[in-house]
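Enquirer: What follows is the residue order along each chain.
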Amino acid sequence: MKIVAIIPAYNEGSRVAEAVRDALLFVDDAVVIDDCSSDKTSEQAFKAGAFVLRHIINRGQGAALQTGTDYALENLNADIVVHFDADGQMQGKDIPKMIKPILDNQADVVLGSRFLSGKLQMPLSRKIILKLGIVFTLIISGIKLSDTHCGFRALSRKAAREIKITRDRMAHASEILDLIKVKKMRFVECAVEIKYSKESLAKGQSSWGAFIIVKDLLKSKFLDI
Amino acid sequence: MIFQILLIAFAAFALAITFRQYRARKVSLYWFIVWAILWLVVIAVALLPQATDPVAQLVGVQRGADLLVYIAIVVLAYGLYKVLVRLEKVQKEISDVVRQVGINRVEKPKDHE
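Chains as they are written, first to last, in the UniProt record's numbering: chain A, 1 to 225; chain B, 1 to 113.
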């Protein structure tokens, strides 16, 4: 079984190496997609032992994930791909329990959840936005989850092949859920630990980002081509 | 009166620009004809605004000028929609190209070379 971590990164020069090293303790290969960073993201990721693919134009996290997935499936023969963040918020030690349901043939997709463990430390405003996201996803995609935009996912080869991300920007998270429902894939949630640092909170999605996701998603529903 | 003159002057200017673009082969004959007809109609309507009234009344609008505004809004809205759809398509194509370039130029870790 070949496990490949897919790590989209944009200006994460100071943190990507640590994320790669952490992931590589639990996966066979790590693929970093540098989404046209202006810092040393590529160099740092390469030094840490990752395959590095560089977007020559910034295309967004969704596009980067799809680039990594294409490469992992076609060139690295991945059996399972794991979506992992470059900013050090996700913990490599969670990867084994994320991929277990796939190894046990109980699920095609495993979705990380920050809320299942009940130990989450996060600002109230963000918590409210995320809860609204859960309601929104239930209405739009018809999937009930405890956390819809965690970003930590594990996909079997079959699922990774079928889930083609076409929403280049942040709406890909909802698109993936849509596709899980449409393609009737088996999915489970898995409690994961996310560590919020001041630095990563400042750079991560702001609460306004939620509105941009909603806008992107609605646009995608009306402008589907 | 002033508005009519301004409109005619603008339409004539646009017509001249379109012709120049066509001569420079930046616009195809098809699109030159489409734009030329549009601007000629604008000039004709500006010269004889009442001429459009019977057509307007035929479709249930009182004045020809109003009818033209309604048509213009619908055409512009449709045009905008088409442009947005095209833009989305172009965005996707750019992503595909960027993705392919990224994959072709992959940097592999030393133990995988």
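Keep in mind that the hints are not guaranteed to be accurate.
To be verified - Some chain B residues flagged as far from chain A (calculated, every beta-carbon gap over 10 Å):
| id | residue |
| --- | --- |
| 1 | 1 |
| 2 | 2 |
| 3 | 5 |
| 4 | 17 |
| 5 | 32 |
| 6 | 39 |
| 7 | 73 |
| 8 | 94 |
| 9 | 102 |
| 10 | 107 |
| 11 | 109 |
As the list claims (entries may be wrong) - Taking lysine-lysine pairs in the PhoX-like style, the calculated list, with each CA pair at most 20 Å apart, reads:
| id | chain 1 | residue 1 | chain 2 | residue 2 |
| --- | --- | --- | --- | --- |
| 12 | B | 92 | A | 164 |
| 13 | A | 195 | A | 164 |
| 14 | A | 93 | A | 144 |
| 15 | A | 97 | A | 195 |
| 16 | A | 164 | A | 183 |
| 17 | A | 47 | B | 110 |
| 18 | A | 2 | B | 108 |
| 19 | A | 184 | A | 93 |
| 20 | A | 40 | B | 82 |
| 21 | A | 195 | A | 127 |
| 22 | B | 110 | A | 2 |
| 23 | A | 195 | A | 131 |
| 24 | B | 92 | A | 40 |
| 25 | B | 108 | A | 47 |
| 26 | A | 2 | A | 184 |
| 27 | A | 144 | A | 127 |
| 28 | A | 195 | A | 184 |
| 29 | B | 92 | B | 108 |
| 30 | A | 183 | A | 144 |
| 31 | A | 195 | A | 158 |
| 32 | A | 144 | A | 184 |
| 33 | A | 158 | A | 181 |
| 34 | A | 164 | B | 82 |
| 35 | A | 127 | A | 158 |
In case anyone wonders, no lab produced these hints; they're calculated from the structure. In this text the structure is predicted, and so the values were computed from the model without any measurement. Here a beta-carbon is modelled for each residue, glycine too, at the ideal position from N, C-alpha and C.
Enquirer: Holds or violated: residue 195 of chain A and residue 164 of chain A, Cα atoms, limit 20 Å.
Expert: The hint is violated at about 29 Å.
Enquirer: Take a quick look at whether residue 108 of chain B and residue 47 of chain A sit within 20 Å of each other, Cα to Cα.
Expert: holds (10 Å)
Enquirer: Take a quick look at residue 73 of chain B and tell me if its Cβ sits farther than 10 Å from every Cβ on chain A, holds or violated.
Expert: holds (19 Å)
Enquirer: Can the restraint linking residue 97 of chain A and residue 195 of chain A be considered satisfied, given a maximum Cα separation of 20 Å?
Expert: Within the cut-off at roughly 17 Å; holds.
Enquirer: Does the structure keep residue 195 of chain A and residue 127 of chain A at a Cα separation of 20 Å or less?
Expert: Holds, at about 14 Å.
Enquirer: Decide if the proposed pair is consistent with the structure: residue 164 of chain A and residue 82 of chain B, CA atoms, cutoff 20 Å inclusive.
Expert: Status violated; Cα separation ~25 Å.
Enquirer: Residue 110 of chain B and residue 2 of chain A: Cα distance at most 20 Å?
Expert: Since the Cα atoms of residue 110 of chain B and residue 2 of chain A sit roughly 19 Å apart, the hinted pair holds (cutoff 20 Å).
Enquirer: Run the distance test for residue 93 of chain A versus residue 144 of chain A: straight-line Cα separation, threshold 20 Å.
Expert: Outside the cut-off at roughly 26 Å; violated.
Enquirer: Would residue 94 of chain B pass as off the interface with chain A, using Cβ distances and a cut of 10 Å?
Expert: violated (7 Å)
Enquirer: With a cut-off of 20 Å on the C-alpha distance, tell me whether residue 158 of chain A and residue 181 of chain A pass.
Expert: holds (15 Å)
Enquirer: Between residue 2 of chain A and residue 184 of chain A, is the straight-line Cα distance small enough, at 20 Å or below?
Expert: Between residue 2 of chain A and residue 184 of chain A the Cα gap is close to 24 Å, so the pair fails against 20 Å, i.e. violated.
Enquirer: Compare the distance between the alpha carbons of residue 47 of chain A and residue 110 of chain B with 20 Å, and conclude whether the hinted pair is satisfied.
Expert: Holds. Residue 47 of chain A to residue 110 of chain B sits at ~10 Å (cutoff 20 Å).
Checked against the numbered hints given earlier, the structure breaks hints 8, 9, 10, 11, 13, 14, 19, 20, 24, 26, 28, 29, 31, 34 and 35 and satisfies all the rest.
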